[in-house]
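Kindly generate the complete structure, drawing on both the sequences and the hints.
The listed protein sequences correspond, in order, to chains A and B.
Numbered according to this note's numbering, the first sequence spans residues 1 to 412.
Numbered according to this note's numbering, the second sequence spans residues 1 to 412.
Because the hints were derived from the structure by calculation, they are not lab data.
Just so you know, even glycine gets a beta-carbon here, dropped at the ideal spot from N, CA and C.
Do not take every clue at face value.
Some, not all, of what chain B presents toward chain A, calculated at C-beta under 10 Å [as the list claims (entries may be wrong)]:
#, residue
1, 107
2, 109
3, 111
4, 194
5, 247
6, 353
7, 403
8, 404
Only pairs whose alpha carbons sit at most 30 Å apart, straight line, appear in this in silico DSS-like list of lysine-lysine [unchecked claim]:
#, chain 1, residue 1, chain 2, residue 2
9, B, 206, A, 401
10, B, 291, B, 266
11, A, 401, B, 401
12, A, 46, A, 202
13, B, 401, A, 206
14, B, 401, A, 202
15, A, 401, B, 202
16, B, 202, B, 46
These are the residues of each chain, in order.
2 protein chains.
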Amino acid sequence: MLAIGQQARQAARAMLRATGAQKADALLAMAQLLAEQRNDLQITNKIDLDAGRTRNLEPALLDRLTLSDRTIDLMIEGLRQIAAMPDPIGSLTAATVRPNGMQVGQMRVPLGVIGIIYESRPNVTIDAAALCLKSGNAAVLRGGSEAIHSNLALGNIVQQGLAAAGLPANAIQVIDTPDRAAVGHLITMTEHIDVIIPRGGKSLIKRLAAEARVPMIKHLDGNCHVYIDDHADLEQAATIAFNAKTYRYGVCGAMETLLVHTAVAKAVLPELAHRLITHGVELRGCERVQKIIPQALAATDEDWGTEYLGPILAIKVVDSIDDAIAHIERWGSSHTDAIVTQHIASAQQFQREVDSSSVLVNLPTCFADGFEYGLGAEIGISTNRLHARGPVGLEGLTTLKWVLHGNGQTRG
Amino acid sequence: MLAIGQQARQAARAMLRATGAQKADALLAMAQLLAEQRNDLQITNKIDLDAGRTRNLEPALLDRLTLSDRTIDLMIEGLRQIAAMPDPIGSLTAATVRPNGMQVGQMRVPLGVIGIIYESRPNVTIDAAALCLKSGNAAVLRGGSEAIHSNLALGNIVQQGLAAAGLPANAIQVIDTPDRAAVGHLITMTEHIDVIIPRGGKSLIKRLAAEARVPMIKHLDGNCHVYIDDHADLEQAATIAFNAKTYRYGVCGAMETLLVHTAVAKAVLPELAHRLITHGVELRGCERVQKIIPQALAATDEDWGTEYLGPILAIKVVDSIDDAIAHIERWGSSHTDAIVTQHIASAQQFQREVDSSSVLVNLPTCFADGFEYGLGAEIGISTNRLHARGPVGLEGLTTLKWVLHGNGQTRG
Chain A
1 MLAIGQQARQ AARAMLRATG AQKADALLAM AQLLAEQRND LQITNKIDLD AGRTRNLEPA
61 LLDRLTLSDR TIDLMIEGLR QIAAMPDPIG SLTAATVRPN GMQVGQMRVP LGVIGIIYES
121 RPNVTIDAAA LCLKSGNAAV LRGGSEAIHS NLALGNIVQQ GLAAAGLPAN AIQVIDTPDR
181 AAVGHLITMT EHIDVIIPRG GKSLIKRLAA EARVPMIKHL DGNCHVYIDD HADLEQAATI
241 AFNAKTYRYG VCGAMETLLV HTAVAKAVLP ELAHRLITHG VELRGCERVQ KIIPQALAAT
301 DEDWGTEYLG PILAIKVVDS IDDAIAHIER WGSSHTDAIV TQHIASAQQF QREVDSSSVL
361 VNLPTCFADG FEYGLGAEIG ISTNRLHARG PVGLEGLTTL KWVLHGNGQT RG
Chain B
1 MLAIGQQARQ AARAMLRATG AQKADALLAM AQLLAEQRND LQITNKIDLD AGRTRNLEPA
61 LLDRLTLSDR TIDLMIEGLR QIAAMPDPIG SLTAATVRPN GMQVGQMRVP LGVIGIIYES
121 RPNVTIDAAA LCLKSGNAAV LRGGSEAIHS NLALGNIVQQ GLAAAGLPAN AIQVIDTPDR
181 AAVGHLITMT EHIDVIIPRG GKSLIKRLAA EARVPMIKHL DGNCHVYIDD HADLEQAATI
241 AFNAKTYRYG VCGAMETLLV HTAVAKAVLP ELAHRLITHG VELRGCERVQ KIIPQALAAT
301 DEDWGTEYLG PILAIKVVDS IDDAIAHIER WGSSHTDAIV TQHIASAQQF QREVDSSSVL
361 VNLPTCFADG FEYGLGAEIG ISTNRLHARG PVGLEGLTTL KWVLHGNGQT RG
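In structure tokens form, the structure reads like this:
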């Protein structure tokens, strides 16, 4: 692992000289290689799938492990899209001129070496490699042990693509041992790894966060709220709440608790509840909700704190926007929260005071996604306060250094 | 400490509602209180000074511990300057409009709770409090035990100023125990402290970094380089190098190693060496330097890696800009490095490839400072890669959250 770290650091330094054209060439070469080696890849993937079946992996896991034609097509398409995006590296901010005439600006530069730890989907190998490469970083990738043959084959294609463009093959390395101790090294090698981005379930991320010495870009929970204000357009509110819950139950931006102002609860809840129940969503509510929706089960404190990621919704009636904000402050996870209102002051108060990485007005929380925000790509969502907050695209994989120009000015 | 952390978190939430006017009022009230309580402050400060003399503190330490009239005037002036600066909080970036009509932008928000750990200067209590307050954060301040009476008296003034402006007094807390275990708690309370900013010597910061669980904004070393290119204006080069070394030996931006292209070494070094030696600077050089400057001692690898913070300079002759960059990569500390050149391609290569938090062209490294960069204030300098990099002003104490506006758009 130390050798991998050192090679990554060395490659990261060489990557500072990579041009945008080289990076695009490497990505397009990878796309080409994926297309050419499709059959070989699928034969290799079968080794992982057979081993998975022998180990009685769940069908959903086996499905995520499969490099189907469709998955490979999506990887190829993703590589081409990222190749076509503008190169973020080397761009300059506006510069200011100081009284002594020196110009002060900032240049966008790579973070350095990124460690990515992910679970069973082997296509993450390509997605993560592409984003790290485009942003000028070196990366060390560590996928799930059940996908190791597939990941190594994909890593091989990535390294061929890098070499074809004259870039250091070690800029992207896939860890080739299933040994779990490797992860322990990866997340503590502060000298060689600059940031860890975990992609996986909450238990994985929690475990990593407890042991990591390298900073992590991560989120644990997506306990997202929609608050229907007393000044809401109620038809719009019902549309937003229904979409926020039902677009996809499993995404981190799915609404888990609906807060409704008492003044509009009776007007908006019955029909919305009917739609949700018909759609198969179980409702759990506070006492006031249960009076309006007889089918709702009693919600407990545990419900307010739970990210269901499934067809369950907690509902609470609140007396004011302040109570709604206080509830989100108490139970939320700083991920994504939304208000539905036509009242400017309510929208402003909610956006200012709700301390989440995304705060939405008159939109469902399920929009929390880098592509939807126009970032062109997404490596994950962060609820960190330092560095990237919210959906993380290419820019989140970069930083700014100061660049100054003078002509011999001196200090003091 | 847990109670302090909880109070800080609660205050941070209340601070989300603070207006710019309230924050300015609080800062001006503190300035007023400092002026009014000047005598009392100096009487309290004498307790620390007497204790320090009894403990035989060095004169330089006692000097830094003293709240002289001049120090108090500077604190008052600093508070007024920060009060007059624009409020960074709540400002919005340009927003983009997505194809479905929703607007995607970002709002500047406080980091949350900042822990500041500093050594003997009690005026840091005021400076740090002012910057944290202006940026909408809560802060927990922990100064040196030798200044505890002074720090608590200043903390009292800060809390009076907060209360006078209707802000929570707990937004700024000074830890009132000299117990060293308090620091250990502060740097591991990830639930209540969002970032630690240490201000002090390298040994303090190294110790904190080894034990911290809370992210830190910090730099360890300032081993700064000036490289004189073969295309340099040699008179300008000598001026820059002399200033970079002699402006102040003790600042982290002071030049510690001078790199000179072999083609101009004989032309620039003799006169520059004479000026430096006359000024009291000891020179240490590689063999080629020693041939040009007979007075130079032999430099060892240890010299290339040392931040002298004193009247010593290491000098090395290099064969190319690539060698200069490689030397900085090997021995530098990612702080501040400069090139002197009239050649555009050399300047561009140096700025792109030198991986430091500040890269200067035709300027001495001693400009590394938030005030010089026009930030209006500085809480410290960071060589981190995540979040703030380089001098950290008010903006470095904030982050951006996503704010989206729609009118009922749905996903999927």
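>> Hint by hint, where does the structure go against what was stated? Just the numbers, ascending.
In response: none
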